[in-house]
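Visitor: With chain A fixed as given, assemble chain B onto it according to the hints.
Number of protein chains: 2
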Amino acid sequence: MKLLEERIRRDGVVKEEGVLKVGSFLNHQMDIELLDAMGAEFKRLFADAPINKILTIETSGIGIACMAARHFDNCPVVFAKKAKSINLTGDQYVTKVQSFTHGKVFDVIVEKRLIGPEDHVLLIDDFMAMGAAMNGLLDLVGSAGATVEGIGIAIEKGFQPGGDSLRQRGYRVESLAIVESMDAQTGAITFRQL
Amino acid sequence: MKLLEERIRRDGVVKEEGVLKVGSFLNHQMDIELLDAMGAEFKRLFADAPINKILTIETSGIGIACMAARHFDNCPVVFAKKAKSINLTGDQYVTKVQSFTHGKVFDVIVEKRLIGPEDHVLLIDDFMAMGAAMNGLLDLVGSAGATVEGIGIAIEKGFQPGGDSLRQRGYRVESLAIVESMDAQTGAITFRQL
Chain A
3 MKLLEERIRR
13 DGVVKEEGVL
23 KVGSFLNHQM
33 DIELLDAMGA
43 EFKRLFADAP
53 INKILTIETS
63 GIGIACMAAR
73 HFDNCPVVFA
83 KKAKSINLTG
93 DQYVTKVQSF
103 THGKVFDVIV
113 EKRLIGPEDH
123 VLLIDDFMAM
133 GAAMNGLLDL
143 VGSAGATVEG
153 IGIAIEKGFQ
163 PGGDSLRQRG
173 YRVESLAIVE
183 SMDAQTGAIT
193 FRQL
Chain B
3 MKLLEERIRR
13 DGVVKEEGVL
23 KVGSFLNHQM
33 DIELLDAMGA
43 EFKRLFADAP
53 INKILTIETS
63 GIGIACMAAR
73 HFDNCPVVFA
83 KKAKSINLTG
93 DQYVTKVQSF
103 THGKVFDVIV
113 EKRLIGPEDH
123 VLLIDDFMAM
133 GAAMNGLLDL
143 VGSAGATVEG
153 IGIAIEKGFQ
163 PGGDSLRQRG
173 YRVESLAIVE
183 SMDAQTGAIT
193 FRQL
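Residue numbers (this note's numbering), protein chains in the order written: chain A, 3 to 196; chain B, 3 to 196.
Chain A extracted, bound-state conformation (with noise of 0.2 Å):
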C-alpha cells in the first residue's frame, strides 16, 4: 500500500536491531485517515472472504482493528487481553505468547462467549515479526473452534520469519507494508514489491 509505504519512509524511524518506530502516526499517535484508508485497503484485499468478527491483541492493534471494522461492515472488534492474573473460571480460551520486545512470556485471553465456532474470523495487528502474537490469536480462534478467514498486518518485518511461515502454512497473510530490508545508520528502508 504506497500510501503506508511513503508514511513510513517520511516518519518512520529505524532503530538498531531490527526496530522501526511508528509511533507518530500508527501506534501511540494514531493518524486516523491513513486508518481508515487501511481498513479499506483490507477489505479490498479480502473482499471475497465472509469475515463476520475481528480479532486482535491489545494494544496497538485496537485502533487499526475498529477503523477496518467498518469497511466489514461494521462487524464486531473482539481484542485479546494480556492477563495479568488468570481467572480460573473456565470461562476464558487462554494461550501464552513470548514477547521479545519485553523479554518474557504472557498470558493471553478472550472470552469463551465472544468467539465460537460459527464465527469467520479476521486477524489484524500493527506489526509482524516472528509472528508469536499471531500465533498466540490463532491458537485462540482453534480453540474456540472459528475459522480463520485471513490475517491483516498493517507492517511486516519480511527480514524476519513470522510472515512466511504463516503463508507456508497455509493462512492467507496480507501485509500493507513489507520491510525487507532497513539500514539504522542511513535510515533507508527497502520494501518488498507486493
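Keep in mind that the hints were calculated from the coordinates and are not lab data.
A couple of the hints might just be wrong.
Same chains, same names: a pair is fine if it fits in one copy or spans any two.
Claimed, not checked - DSBU-like mimics (lysine-lysine), calculated; alpha carbons at most 30 Å apart, straight line:
#1 Lys-114 / Lys-98
#2 Lys-83 / Lys-23
#3 Lys-114 / Lys-23
#4 Lys-86 / Lys-98
#5 Lys-114 / Lys-17
#6 Lys-23 / Lys-4
#7 Lys-17 / Lys-106
#8 Lys-84 / Lys-17
#9 Lys-114 / Lys-4
#10 Lys-114 / Lys-45
#11 Lys-17 / Lys-98
#12 Lys-86 / Lys-106
#13 Lys-17 / Lys-4
Guide: For chain B alone, coordinates are given in the frame of chain A:
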C-alpha cells in the same frame, strides 16, 4: 445517551463491589456501530470546542477514541502508555496512576513530541470511577502546556466521586451514561437523568 443506557441494561452485568461488566460490547468485544454513534454524540456535546487532538489511555479507551475522532474532522488520537520501564531520555511526559482494579500504581507516559502548547485536547475513556486515570491524563496535558477542552466518558459511576470532583474543579465532563446505583443481587441499574 439512550442507546448506550439501553445497551448497558440489556448486556451489562452488575457484579459485587461496584463492578459493571460491559465486555460484550464496549471493552473486550466492541460494537463498532455503537462506538460510532457514541462518537457522534461526543461531537454533538463538544461541537463548539476547538478540539484538534484526542487523548486516551490504553487499553479500553482506544477503540472509543478512534471511532470518535472520525467525527472530529479525523483529528489524531494519542494514547498514553502504561510503561513497563521508564525510558529516562527526557523525551516523555510521565505521571503515576493508581489502579484500583489491579491494586497498584503504574507509570503512564506520552512522548513529548506528540502533544504541546498548540493542542486543544479532548480526553476520552471508557469508564470514570475515582477519576485516577483521568487525573493522570490531565497531569500529562498540563505538563505539555496543552489546553483541556473537555472530558468525554462512556460510562461514569455516579456513585463514585471522580466525575463530580472534576466538574467541581471546572472541567467540562460529558458522560454518555451515568450510573447512579447498581444492585448486584437483582441486576438493576439506575441512571442519572441527563
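Visitor: Can you give the numbers of the hints that this structure goes against, from lowest to highest?
Guide: As far as the earlier hints go, not one is violated by this structure.
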